[in-house]
Structure formats: C-alpha cells, structure tokens
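First to last, the protein sequences are chains A and B.
Here the first sequence is numbered in the numbering used here, starting from 531 and rising by one per residue.
Here the second sequence is numbered in the numbering used here, starting from 4 and rising by one per residue.
Bear in mind the hints are in silico, worked out from the structure with no lab data behind them.
The C-beta atom is built at its ideal place from N, Cα and C for all residues, glycine as well.
Treat the hints with care, since some could be wrong.
Stated by the list, open to error - Using 25 Å as the maximum straight-line C-alpha spacing, the simulated BS3-like pairs for lysine-lysine come out as follows:
hint : chain 1 : residue 1 : chain 2 : residue 2
1    : B       : Lys-155   : A       : Lys-543
2    : B       : Lys-155   : B       : Lys-106
3    : B       : Lys-155   : B       : Lys-110
4    : A       : Lys-543   : B       : Lys-106
5    : A       : Lys-543   : B       : Lys-134
Stated by the list, open to error - Selected chain A positions facing chain B (Cβ under 8 Å, derived; list incomplete):
hint : residue
6    : Ala-533
7    : Ser-548
8    : Phe-612
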Amino acid sequence: MNAVYVLWLRQLKRYFRSRSRMVGSLGQPLLFLVALGFGFGPIYQRAGQGNYLQFLAPGVIGMTILFSAVFSGIELIWDRHFGFLKETLVAPVPRIMIMIGRTLGGASVAMIQGLIVVGICLVAGFRPVSYATLPHALLCMALLAVMFTALGTAIASILGDFQGFQLVMNFLVMPMFFLSGALFPLNSVPRALRIVASLDPLAYGVDGMRAALTGVPAHFGWAADIGVLSAAAVFLVVLGSYLFSRVEV
Amino acid sequence: MISVRNLVRTFGEIVAVGDISFEVAEGEIFAFLGPNGAGKTTTIKMLTTLLRPTSGTVEIDGLDPTVRQHEARQRFGIVFQDPSVDDELTAYENMDFHGILYKLPRKLRVERIERLLRLFELWERRNDTVKHFSGGMRRRLEIARGLLHTPKILFLDEPTLGLDPQTRNQLWNHVRTLNQEERITVFLTTHYMEEAERVAHRIAIIDHGNIIAVGTAKELKERTGTETLEDAFLSLTGSRIREEAGSSLQQMRTMSRMWGRKR
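Please put together the full structure from these sequences, using the hints given.
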C-alpha cells in the first residue's frame with residue numbers, strides 16, 4: 531500500500547511543481563470554450579437549440595480529462611528509460627501496486643485539471659441547472675480519468691518509444707474527442723456517426739455529465755452511461771495492468 | 004555473494020549473453036568490461052530481476068532472483084546507466100520515497116537519509132529539486148539512494164559516463180570507502196580502463212556475450228603480455244569498432260541529453 535501512496539504522491543507533487551504544464555494544458559480547453567462557445571453560439575441559438583455554451587461545457591471538461599489522463603499514462607514511455615520507473619521496478623514491490631499507484635496519480639491529476647476547467651466554464655458563463663446532481667457529474671469525470679490513464683499506460687506499454695505517438699494521437703485520441711458528441715448533439719447526426727459515437731467511451735462520459743449538469747435527458751440514458759463507463763474503466767485498467775506487467779526495461 | 008552459472012539470454016535470433024559463468028566473493032569489487040553491445044547491461048538486468056534468463060542460474064546472496072524476487076531485491080542497490088532519479092522531486096524526497104518503497108521504518112529512514120546525504124556531500128542541497136543538480140550530484144544522489152536500504156551488493160552500470168575527471172575520481176573514492184568500511188560487494192561496468200584498474204579487485208572481460216578473461220588487472224596484463232589494461236583489453240577484444248544499433252533507445256538518449264535536464 532505504501533508503494534501506491536508514494537507513486538500517487540509523486541505524480542501530484544510533479545504536477546503542482548510544473549506550472550508550465552498546468553497552464554499549458556489549460557490553454558486548449560480555454561480556446562475551445564471561447565472560440566467555439568462564443569463563435570458558434572449565435573448560430574446554435576438561431577437553429578433553435580438554445581445556449582451552446584451550456585451544451586459545450588461538459589464536452590470541454592471531458593476533453594480536458596481525456597488529454598490530461600492519456601498524457602499521464604503515456605509519460606510512462608519516458609519514465610521507463612530516463613525516469614523514476616526503473617527505480618520502482620527493482621524495488622521489492624509487486625508490479626500491480628505500481629500500476630495502481632500510477633493510475634491513481636494520473637487520474638487525480640486529470641481530475642484536478644477537469645475541476646479547474648469546470649471553474650473556467652463557470653467564469654465563461656456556464657450555469658449548472660442544479661448542484662444536487664453535481665456528484666453524478668463528478669462520478670463521470672472520475673471514471674473517465676481512471677480509464678484514460680489506464681489507456682495511456684496500455685499504449686505506452688506497447689509503444690516503447692515515441693515513434694508511434696503521433697499515430698495514437700491522430701487515430702485514437704483525437705477521433706475519440708471529435709466523435710464523442712462533445713461538440714455537437716448526437717440525436718440528429720447520420721446513423722453511421724451515431725454508431726461510431728456509441729463505441730466511444732468518452733461519448734458516455736460527456737453524455738452523463740451533460741445530463742447531470744444541464745438537465746437535458748441523456749442520449750444513451752443515465753444507467754447506460756454509468757454502466758458503460760464503469761465497464762470500460764474496469765476493462766482498461768485490467769488491460770493496462772496486463773500490458774504493464776509485461777514491460778521490460 | 005553473486006554466483007552465475009551457464010547464464011544465457013537470447014532475444015529472438017540474437018544471443019545477447021551466451022553461456023557465462025562467474026563468482027563474485029563477498030566484499031569484492033568486481034568490474035565487468037566489454038565493448039558496446041557485449042552483453043554487460045543485459046547481464047546486470049538478469050542479476051537484478053529486470054530480465055529473466057533464457058537459461059542458466061543466478062544466485063544473489065544465496066537467493067534465486069527469479070524465484071525469491073522481492074527478497075533478492077532487498078539485498079542489492081543499483082545505479083542504472085540512464086538516470087532514474089525524479090527531476091521534479093527534491094533530493095530528500097527521492098531518498099524518502101526510496102525508503103518507503105523498501106519499507107524502511109520511519110526513524111531508521113530519517114537517520115540513514117541524513118547519514119548518506121552527508122556522506123555524499125548533498126545534505127546542504129537536500130531540499131533543492133534534482134533538476135537544478137549537476138551531473139555529478141545526480142550520480143552521487145543515485146548511489147546514496149541505492150545504499151539507503153543497506154544492501155549487501157551495489158550494482159553500478161557505467162556510473163561515471165559523461166562525468167568530468169574530478170567527479171569521477173571523487174565518486175570512485177566514495178565507492179572504495181564504502182567497500183572497505185561497510186564490506187559492500189560492488190559489481191560495476193565501465194568503459195574507462197584506468198578506473199577499473201584502480202578500484203576493481205578482479206576484472207572480467209566480456210565480448211559477443213561471452214566472458215573471454217577473468218582475473219586481476221595484473222594477471223590480465225601478464226596473460227596478454229601488455230603494458231596497460233587498455234592494451235590487454237584491445238588485445239583480447241580486437242580493435243574493430245562496434246556499431247551500436249541506431250535503436251529507438253539511442254534516439255531517446257540523444258533527446259534526453261538535449262532536453263532532459265530542462266524538462
């Protein structure tokens with residue numbers, strides 16, 4: 531258990547010490563919120579869909595968690611050769627504890643980033659309909675944070691170096707974001723796109739947060755959202771642990 | 004203290020280590036010399052539980068590291084070829100986290116951290132983040148950390164790579180002191196022959212995954228009829244240059260040298 535604590539604490543210390551990373555990773559959500567939120571807002575309104583910022587905010591929060599968590603996981607590539615990882619791999623600690631510690635650390639950082647973006651959304655004019663359902667939204671955020679950190683670890687365990695990093699970003703992470711319904715409503719898009727979105731775990735996270743925060747009915751249904759998110763989180767943590775257990779340095 | 008019999012490790016078709024055997028006695032400083040790609044690091048990885056041997060047996064203080072992994076891990080400290088301290092943490096935190104990972108009780112941890120940081124002249128800088136440290140200070144911190152859990156064996160994989168002569172000299176003085184005062188067995192690899200000659204009691208020369216000679220520096224020189232250990236080394240391994248594969252690890256090493264310190 532001590533190993534889990536140490537690895538978790540280390541990730542948090544690193545996060546709070548590198549301000550450039552903190553500020554840098556908030557630039558993107560801010561840009562999306564301002565450029566898309568205020569840029570498309572009037573059109574969205576005219577199309578009779580209401581306030582676009584209300585719609586977009588949960589999507590941007592989901593995006594922040596996705597990028598932050600996957601990045602934490604992928605840091606493993608670097609850490610494996612030039613960092614602390616080797617030190618932990620020769621320590622008398624089971625690998626699974628190292629995996630759990632790293633995942634919790636990465637997920638906590640992603641969660642903090644997500645909460646900061648919630649704050650930014652509030653400043654930009656986003657208003658949750660009720661604070662009573664806030665825990666629901668936090669649950670979605672936490673599940674996303676855990677699953678995407680584990681996904682990053684799984685990817686890093688396979689890749690071994692940064693050669694394939696662009697491939698992963700452009701063919702996995704970016705599509706997951708753009709096809710998740712973070713930016714547009716899923717109920718009126720072409721059927722093919724709807725099917726793709728239904729395979730994207732981020733879609734369920736964004737849907738769940740949107741339902742909890744803005745009061746619109748969930749596209750997939752609240753139970754489906756939590757069910758799929760939990761199942762995906764368990765699956766990715768198991769997959770990540772398995773692949774990480776095979777990592778050699 | 005270390006006993007290796009018929010150790011083999013292959014990666015697919017490639018034989019990285021092909022049937023090596025040797026013994027390292029308690030309290031001995033044993034140097035492993037060899038050209039790039041000779042199998043030094045692969046051997047260290049097998050001795051330190053990071054890599055499973057394809058065949059053959061290893062004993063670390065009487066324990067088989069493939070079976071009693073965690074017990075074996077308590078018994079050695081290791082300084083890797085590439086840095087493994089955390090840049091964003093302070094020297095003290097790096098030590099403290101190591102102590103927790105090795106389950107040292109708090110009181111003992113605090114005592115030993117102070118003792119080792121003083122010994123390696125890092126105590127005054129204990130609360131600075133490691134990214135502000137020089138190459139030599141980082142190395143000293145890694146060695147201090149490797150010794151925190153009072154291991155019986157210290158593995159040093161090219162510990163002086165990229166350090167200036169003063170720092171190298173000081174580092175080996177520390178290693179010798181530890182060896183003499185605490186009877187720590189040291190297993191090291193290096194490319195600097197004069198270092199091996201100065202600190203090691205015995206030297207093994209490995210090439211193409213096989214040990215081609217073991218003995219004291221004097222014995223190796225006598226055997227090859229040469230004046231210096233460097234000449235003995237060249238006469239045993241040939242003077243052809245070994246191409247190190249342009250692996251992704253090498254690329255990352257270059258990246259690390261360019262950006263690592265400022266990351």
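Outcome of the hint check:
1. B/Lys-155 x A/Lys-543: violated (32 Å)
2. B/Lys-155 x B/Lys-106: The given pair, whose Cα atoms are some 16 Å apart, holds under the 25 Å limit.
3. B/Lys-155 x B/Lys-110: The hint holds at about 21 Å.
4. A/Lys-543 x B/Lys-106: holds (21 Å)
5. A/Lys-543 x B/Lys-134: Holds. A/Lys-543 to B/Lys-134 sits at ~14 Å (cutoff 25 Å).
6. Ala-533: holds (6 Å)
7. Ser-548: Since the shortest Cβ distance to chain B is 6 Å, the answer is holds.
8. Phe-612: This interface hint holds because 5 Å falls under the 8 Å limit.
The earlier numbered hint that this structure contradicts is number 1, and it is the only one.
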